[in-house]
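**Q** The residues making up each chain are set out below.
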Amino acid sequence: MRPSTETISSSSEGANAGAESDTAVAVPRGTRILMRGNEALAQAAIDAGCRAFFGYPITPQNQVPDYFARHMPKVGGVFLQAESEVAAINMVYGAAAAGARVMTASSSPGISLKQEGISYLAQSELPCVIVNIMRGGSGLGNIAPAQADYFQSVKGGGHGDYRTLVLAPWSVQELYGLTREAFEMADRYRNPVLVVGDALLGQMMEPIVVPEEVVDPASLPRKRWATDGAKGRHRNIVNSLYIKASDLEEVNLRINARYEEAAKREVRVAEERLEDAEFALVAYGTAARVAVTATEEAREEGLRVGLLRPISLYPFPAGEIASLADRVKAILVAELSLGQFVEDVRLAVAGRCPVHLLGRSGGVVITPREVVEALRRLVDETRG
Amino acid sequence: MSGGPMYHEILIAGFGGQGVVLAGNLLASAALAEGREVVWAPSYGPEMRGGPVHCTIIVSSRRIGSPEVSQADSLLIMDAASLQEFSSRMKPDGLLVLNSSLVKAPPSLDSFSLLEVPANEVAEDLGDARVANVIMLGAFLEIRPVVASDSVVDAVRLHAARSVAGRSREHLLDVNREALARGAALARQTGLRGS
Numbered sequence: 037m038r039p040s041t042e043t044i045s046s047s048s049e050g051a052n053a054g055a056e057s058d059t060a061v062a063v064p065r066g067t068r069i070l071m072r073g074n075e076a077l078a079q080a081a082i083d084a085g086c087r088a089f090f091g092y093p094i095t096p097q098n099q100v101p102d103y104f105a106r107h108m109p110k111v112g113g114v115f116l117q118a119e120s121e122v123a124a125i126n127m128v129y130g131a132a133a134a135g136a137r138v139m140t141a142s143s144s145p146g147i148s149l150k151q152e153g154i155s156y157l158a159q160s161e162l163p164c165v166i167v168n169i170m171r172g173g174s175g176l177g178n179i180a181p182a183q184a185d186y187f188q189s190v191k192g193g194g195h196g197d198y199r200t201l202v203l204a205p206w207s208v209q210e211l212y213g214l215t216r217e218a219f220e221m222a223d224r225y226r227n228p229v230l231v232v233g234d235a236l237l238g239q240m241m242e243p244i245v246v247p248e249e250v251v252d253p254a255s256l257p258r259k260r261w262a263t264d265g266a267k268g269r270h271r272n273i274v275n276s277l278y279i280k281a282s283d284l285e286e287v288n289l290r291i292n293a294r295y296e297e298a299a300k301r302e303v304r305v306a307e308e309r310l311e312d313a314e315f316a317l318v319a320y321g322t323a324a325r326v327a328v329t330a331t332e333e334a335r336e337e338g339l340r341v342g343l344l345r346p347i348s349l350y351p352f353p354a355g356e357i358a359s360l361a362d363r364v365k366a367i368l369v370a371e372l373s374l375g376q377f378v379e380d381v382r383l384a385v386a387g388r389c390p391v392h393l394l395g396r397s398g399g400v401v402i403t404p405r406e407v408v409e410a411l412r413r414l415v416d417e418t419r420g
Numbered sequence: 008m009s010g011g012p013m014y015h016e017i018l019i020a021g022f023g024g025q026g027v028v029l030a031g032n033l034l035a036s037a038a039l040a041e042g043r044e045v046v047w048a049p050s051y052g053p054e055m056r057g058g059p060v061h062c063t064i065i066v067s068s069r070r071i072g073s074p075e076v077s078q079a080d081s082l083l084i085m086d087a088a089s090l091q092e093f094s095s096r097m098k099p100d101g102l103l104v105l106n107s108s109l110v111k112a113p114p115s116l117d118s119f120s121l122l123e124v125p126a127n128e129v130a131e132d133l134g135d136a137r138v139a140n141v142i143m144l145g146a147f148l149e150i151r152p153v154v155a156s157d158s159v160v161d162a163v164r165l166h167a168a169r170s171v172a173g174r175s176r177e178h179l180l181d182v183n184r185e186a187l188a189r190g191a192a193l194a195r196q197t198g199l200r201g202s
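Listed in order, the protein sequences are those of chains A and B. The opening position of the first sequence corresponds to residue 37 in the numbering used here, with each subsequent residue numbered one higher. The opening position of the second sequence corresponds to residue 8 in the numbering used here, with each subsequent residue numbered one higher.
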């Protein structure tokens, strides 16, 4: 679609900050460029046909609203900095109800503030994409990389009987690809989709290829349930209030059936060197990047180790992890939190093999060395 | 330099305004242009002009796993506070490039190699105090050519094309090319201390 009107900020800092608007260049497509994670995911939303972003500033995701502020107007979209996170998520509700592809982004404390709105979106069967560039918590915490919002992300987050579909990229390229994918999933399941990164993924620059093909919002099928003007048709109602228990249960069963459908169709995992592995690492996002380096180092030391990386956190790849547990002697989970993700791994493993945890918290990133040392301990214990 | 297998972790640190982030950007852009894998990560937070700032760059011939640099192969230090802060973030046999205009070399060298570069003085000599960062880069690349210095010049050209127009763009290109060359010459003349 009109790449000539879309521009790239040249990855923000340094030589070019501030002067971009005069010398804007089209985002180069089909070729390797350097892009920040936060900028890549924002470009992905635009390329997915998203023309509405509502947000409120918070580090370490501020390049997201910054990018939209500059680029949304050029594609005829809406960027709005709301007065609060709560306001932003409710604007998302409004745009989603009207049938638009819509996004908000924040970081951990801001995502907590949005939870009421996310619950309402889910109950009202509204598609939207929410990005959480996680930082150290709890409370105000800090702005360093963390994965401590795992429970909040995959177990519902707000009140009620719902889930968000959750995707966890591990690179700038995947931040782009999975954010685009998230819009398709949101529409397919009429449900909020959460993309979780962390401070490191959002801030860092990596080579990425932005594809040529983009979604023209005008080409998207009309959402028959949307409140986009009832002239000549029966009026649609978007609501989350069902006074009668049996009515609400019926809606919840319908929503639940979609989660079951998603569990069949949307589970995504990636594997590294598991073919002959005696021991397995299980990790997602940045922790998986650390784990893949550790896998290589451990292999050099003669340990037969592989990595299983969930890309979809909900639906959770329980089947894949269960079958892994049948093949290996033990599993080591590496996460940037103190034992959240490991709970789902243990549920999936269901006692088939020992599951150990290496967790760091508060914004401390695990080093490959720590992982290798934990692996060695695991091997020693298992061989007993 | 492109082509051969390599993996190099670099940490650049100084105070806001010294061009630490830009120096990292230039390295990353040069590495990209040479077909390398690269990860650039900034320090972030309540940054300000004059406040501490650093960034890390990993340049590799193969896929990069962990994006976090815990023990850098090379440390480029622009000021005294940064030496204090980051001397522990270097491999024992790493390379320390020190802006000797602002930092005294540590008395104990342990096992690492030291390259002292009076970057501020040379920059003033070139008539543009802003290029101290690129002088450091030039010196570093002379010892550890993780990217070709020509690729850095190309990266400067790209950045300049986006940020400034007309004659000042030409000046930027010239002075940065000169800064790289002076840094490299200094590295050749003074050589390394330590192992």
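Just to be clear, a hint being listed does not mean it is correct.
The following label-pair restraints were derived from C-beta to C-beta distances [said to hold, decoys possible]:
# : chain 1 : residue 1 : chain 2 : residue 2 : range
1 : A       : L289      : B       : M13       : 25 to 35 angstroms
2 : B       : S94       : A       : A293      : 57 to 67 angstroms
3 : B       : S94       : A       : R413      : 41 to 51 angstroms
4 : A       : A306      : B       : Q78       : 26 to 36 angstroms
5 : B       : Q91       : A       : E307      : 23 to 33 angstroms
6 : B       : D181      : A       : E314      : 52 to 62 angstroms
Calculated directly from the structure, the hints in this document are not laboratory data. No residue lacks a Cβ here, since even glycine has one placed at the ideal position from N, Cα and C.
**Q** Evaluate each hint against the coordinates.
**A** Okay, the hints, checked on the actual structure:
Checked against the hint of 25 to 35 angstroms, the C-beta distance between L289 (chain A) and M13 (chain B) comes to roughly 57 angstroms, which is inconsistent with it. A C-beta distance of roughly 59 angstroms is found between S94 (chain B) and A293 (chain A), which places it inside the suggested range of 57 to 67 angstroms. Between S94 (chain B) and R413 (chain A) the CB atoms are about 30 angstroms apart, so this pair departs from the stated range of 41 to 51 angstroms. Here the CB-CB span from A306 (chain A) to Q78 (chain B) is close to 27 angstroms, well matched to the stated 26 to 36 angstroms.
Remark: the range hint 23 to 33 angstroms for Q91 (chain B) to E307 (chain A) is contradicted by a beta-carbon distance near 43 angstroms. Roughly 59 angstroms separates the CB atoms of D181 (chain B) and E314 (chain A), a value that falls within the hinted 52 to 62 angstroms.
Consistency note: the structure conflicts with the earlier hints numbered 1, 3 and 5.
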